[in-house]
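Student: Here are the chains, one letter per residue:
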Amino acid sequence: MNFKTKLSNGIKYLQKNKSFSIGLGIVLITIFIAIFADSLTPHVPSKLNPKFKLLPPFWVEGGNPKYILGTDAIGRDLLSRLIKGIQMSVGISLFSVLSSILIGTTIGVISGLVHPSWLDSVLMRITDIQMGFPFIVLAIIILTMVDPTPFSCIIVLTLSAWPTYARVIRSSVMIEKSSDYVDAAKAMGASRARIAIKYIGRNLLPTIIPVAPMDIASVVITESLLSFMQIGIQPPLISLGNIMSDGRNYISTHWWITAIPGFVIMIIVIGLNLVGDTLQTTFDPKLKQ
Amino acid sequence: MEKKSIKVSEQNNGKDVLLKVKDLKTHFFLPSGQIVKAVDGVTFSLEKGKVLGIIGESGSGKSVTSRSIMRIVEAPGKIINGEILFKGENLLTLPESEMAKIRGRRISLIFQDPTTSFNPYMTIGQQLIEAYRVHEKESENKIKEIIAQVFKLVGISDYEDIVKRYPCEFSAGFRQRIFIAMSMIFTPDLLIADEPTTSLGITIQAEIIEALNDVKERTGTSVIIITHDFGVVSQFSDDIFVMYAGRCVESSPKKELLLNPMHPYTIGLIRSVPLLEARKTKRLKSIPGFPPDMMNLPIGCAFSNRCEFAQDICFEKVPDLVEIRPNRKIACHYPQINYQTNQDTQI
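So the sequence lines, in the order shown, correspond to chains A and B. Count the first sequence with this note's numbering and you get residues 1 to 289, in order. Count the second sequence with this note's numbering and you get residues 1 to 347, in order.
Bear in mind the hints are in silico, worked out from the structure with no lab data behind them. Predicted model only: the values in this text are computed from it and were never measured. Beta carbons are placed, not taken as given, at the ideal position from N, Cα and C, and that holds for glycine. One or more of the hints may lead you astray.
Said to hold, decoys possible - A short list of chain B residues far from chain A (calculated; beta carbon distances all over 12 Å):
1. 49
2. 102
3. 103
4. 122
5. 133
6. 142
7. 157
8. 201
9. 229
10. 271
11. 272
12. 313
13. 326
14. 334
Stated by the list, open to error - Below are the BS3-like pairs computed for lysine-lysine, each with C-alpha atoms no more than 27 Å apart in a straight line:
15. 317/B / 177/A
16. 198/A / 142/B
17. 137/B / 198/A
18. 16/A / 47/A
19. 12/A / 37/B
20. 254/B / 48/B
21. 6/A / 18/A
22. 317/B / 48/B
23. 254/B / 198/A
24. 317/B / 78/B
25. 101/B / 198/A
26. 25/B / 37/B
27. 255/B / 48/B
28. 78/B / 177/A
29. 50/B / 317/B
30. 216/B / 18/A
31. 50/B / 254/B
32. 101/B / 25/B
33. 164/B / 198/A
34. 6/A / 254/B
35. 142/B / 152/B
36. 177/A / 101/B
37. 37/B / 177/A
38. 6/A / 142/B
39. 48/B / 22/B
40. 48/B / 216/B
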């Protein structure tokens, strides 16, 4: 298959799967914004401009076309802040999900492979403790004890997300381990390492990959929550939750400061979920048409 | 590859013996301290190109026997005694790395349920290629030629389309056919089919047995077929080996066993086979009682408390497997030498 037919096949696929195309479009735009945030901002996001305080978006009466989405209480351009906020929020979510996948998978695989043993029990009890601890309390404790930098936010978010991965991965390793086809592979003469990589490892991907985008989506929300509570990302750094919390005092009169970042979060979450949905059906041959 | 020094060609009545199992014991050591003697002293041999049918109820140790031959018995289970001579080599003393070379290559195992024995996330082609690459590195095109050959062997002609598909796209019977093809990829000397038709419909069963028969005829592979269905062994086997509670109770050539079963258990089994053409009013006879609790076997013959011919000695002493006629071995204190099955059963 040459490149051209591959491309036309891909386009056909996208035309057929509308929801996936929409989701993919949103995700790609978000990634693009996150990468090139610095050159996309029309204004310096932290620059105050007392002359244009609390400007509404340009389509509302009194708006200024120079500030497309208006300004906040101290006259900072909302669009520029939004772009930087997307960069921060998406970056943090991506890193926390990646690190929780890494930790969760490692613990889950070890636990599942050694299943009936003391090591499995120890790892699973740790996971249980982690899962049983209320997340908000944990976040408040950690983020008030250490400086709430982006790095510490990533750690807190990772702590909240890895146990789910560990649990899910452990159970799928246990299912794979006792499955007939692993048995059949043994009877075919495959070594333990080969079975672990080629069969069990391979079959874990359909469990992990579709969940990851959806998990990023939920972490985006959690991160915004932390920032909205002002225990997450601290000014002068900007995140989506941060912008929303800036607008908290003006929500009844100047709704756009809070509503627009909220809307952006919603769009990103929908996009990631659409992509995750399609990945799930693609990776599971039983759901394929 | 094989070391010639160990290779002793075993002769038995001038015929080539491929597999000889002597006093095999596989026990399961449960965490509670109890021991399940799943296979307890099984002895049989299989000639080259022949088919051996192992028959018995669930839990009689048939599958564990086959897994012991492959040496893939799972954790609390352990082969504690015996010899498995395959082409003169004792498989039980081989190092694991050598054993891995035999699995799938010299001895293949076909599983009971074809709906679960394939990896659902790999296409058929990927799995067959993987089955080949476990043992040998070879280019994909070369392997595809071999795949086309083994598919032809089991009566599948349009392989190009099939290899691109996932297992879930095929019916159970067809998957079992593909699985047979997969296990024949190295044309092994011995094919062990562990209840290959149990999960299939009755018409498909016949097709699968036919496919196995074709494979055997065309390649000269010996087959051990494990089943609880007399219909399967009666169609397709040379010798029959009846297992009960981890032991062999009767072993004999097929025809003699079916016409003149001697062990009360075998008689009971044959009497309980339903027949379409049997006389109307005849009721099927079942064997009274239940298979014994494997953790708690009776002291004497394991079958004693279900046996209609049992005498005092049956409850005290385990009968040995003795050869009462050439090729006919039986483990019973009171073998029913003169029992004849009804002619209208015509198995």
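Student: Against the 27 Å threshold, does the CA-CA distance of residue 254/B and residue 198/A hold or violate the hint?
Tutor: 42 Å, violated
Student: Keeping to a limit of 27 Å between CA atoms, is the pair of residue 6/A and residue 18/A held or broken?
Tutor: Given pair residue 6/A, residue 18/A holds - Cα atoms ~19 Å apart, limit 27 Å.
Student: Next pair to validate is residue 317/B with residue 177/A; report whether the Cα-Cα distance is within 27 Å.
Tutor: 42 Å, violated
Student: Quick one: work out the minimum CB distance from residue 334/B to chain A and report holds if it exceeds 12 Å, violated otherwise.
Tutor: 40 Å, holds
Student: Please verify whether residue 101/B and residue 198/A have alpha carbons no more than 27 Å apart.
Tutor: 18 Å, holds
Student: Does residue 317/B pair with residue 78/B here, judged by a C-alpha cut-off of 27 Å?
Tutor: Satisfied, since the Cα-Cα distance of roughly 26 Å is no more than 27 Å.
Student: When you check the alpha-carbon spacing of residue 48/B and residue 22/B, does it fall within 27 Å?
Tutor: 17 Å, holds
Student: Run the distance test for residue 16/A versus residue 47/A: straight-line Cα separation, threshold 27 Å.
Tutor: Violated, because 45 Å separates the two Cα atoms, which is more than 27 Å.
Student: Are the Cα atoms of residue 177/A and residue 101/B separated by 27 Å or less?
Tutor: 22 Å, holds
Student: Hey, residue 25/B versus residue 37/B, does the alpha-carbon distance stay inside 27 Å?
Tutor: OK: residue 25/B and residue 37/B at ~8 Å, within 27 Å.
Student: Holds or violated: is the Cβ of residue 142/B farther than 12 Å from all Cβ atoms of chain A?
Tutor: 18 Å, holds
Student: With a cut-off of 27 Å on the C-alpha distance, tell me whether residue 216/B and residue 18/A pass.
Tutor: 52 Å, violated
In summary, the numbered hints that this structure violates are 2, 3, 4, 5, 15, 18, 19, 22, 23, 29, 30, 34.
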